[in-house]
Amino acid sequence: MNPTIPTSTKTPPTADQGAVPAPAQAEDGYEAVTGLDKETVALKRTYEAEVEAKVASDYSHIVWAYGILWSLFCGFAIVLLVRGARQQRDLQALRRELERRGEQAVDGP
Amino acid sequence: MSALSRSFGRPGVLLCTALVTFPYALQRVFLHTPIESEMGTAQKIFYFHLPMAWGLMLFAMISGVAAVLQLLRRSERAEDVAKAAGEVCALLGIGALMSGAIWGDATWGTPWTGDARLVTTALLELVFIAYLIVAKFGGPMAARLAAALAVFGALDVPIIYYSVKIWKTTHPKAQVVQSLPPEMWASLWPCLFAILACSFALFELRLRQERVGRRLDEAWLALSASDVAPPEHTAPSGRSA
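Protein chains in written order, with numbering that gives the first Met the number 0: chain G, 0 to 108; chain D, 0 to 240.
Derived by calculation from the structure, the hints in this document are not laboratory data. Note that beta-carbon positions come from the ideal geometry of N, C-alpha and C, so glycine has one too. It is possible that part of the hints are untrue.
Facing chain G, according to a computed beta carbon distance under 7 Å, are these residues of chain D, among others [stated by the list, open to error]:
| # | residue |
| --- | --- |
| 1 | 22 |
| 2 | 23 |
| 3 | 47 |
| 4 | 105 |
| 5 | 206 |
| 6 | 208 |
| 7 | 211 |
| 8 | 220 |
| 9 | 221 |
Excised from the complex, chain G in its bound form:
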């Protein structure tokens, strides 16, 4: 069935509840940077890779589908052109034949 993109149930830890305890702000205004814990980062990367793979696969399918659709129309148009050219040749052959017979009729048997 439909490949679904798992949604994150784990929210990144905030400074209050995070894995790295937030140090108290120094008196000179220095504040240490607190990042995400390694587990959350790994999980985010997994999700991102999965979404990337899904989008790439979807685009590949779209390109194939649209390509085939418009190739079909172009193919049919080419078939019609070839048929039209054949009819033109046949029409010219008919004209030549009529002219030949007209000349024969003028010249006599």
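Place chain D on chain G using the hints.
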């Protein structure tokens, strides 16, 4: 518009309209339509798959009705319409089935299921391919048999439509289309217009060729009949005399 029509003919105008509408439809589909939450980006195949499927059913009906007229009135004009519509129907059928298979592969994980909608659509396609083969290679007496096949194909159209209501199917129900949000409808309209304009242009070109071919054959036959020695000629359209 009428000057354009005089210069290029109706098929030319329709093709030009489709050529203008298609890029507009594409930019609407990819830039202005939200990504469907369940199926993701692959759902964008829908915007051309659905018009192809609707076009398939429309041209099957046109071919079927023309074939009925051909059988009842022995009308050559109706036969030409049936053949031209049959060819466009077969073309749209291949498009609808292939785009559906690609979309199914992306969302269901398989390109084909034994789903009623899929099977009945494939049946319609096969019937019209059979119709075209019989009409082209069936010989002098095959025109009425071919017409019967086209009628049989047209009878499959309501079965296709109601298949999702009658049977349990993986294919989305008809109500899904009605419940589309306005922004998706705004993208569907140009796609539908582009596909139908292109289909009608090809249909009309094919119809003209069929009529020209018939007149050419008649002219050659009249010429042959008026002379003892017939000229070297092979019927160009493959039509049996």
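Against the structure, the hints:
1. 22: violated (12 Å)
2. 23: violated (15 Å)
3. 47: Holds. Min distance 5 Å.
4. 105: This hint holds: residue 105 of chain D lies near chain G, its Cβ roughly 4 Å from the closest one there, short of 7 Å.
5. 206: violated (11 Å)
6. 208: Holds: closest Cβ of chain G sits about 5 Å from residue 208 of chain D, inside 7 Å.
7. 211: holds (5 Å)
8. 220: violated (11 Å)
9. 221: violated (10 Å)
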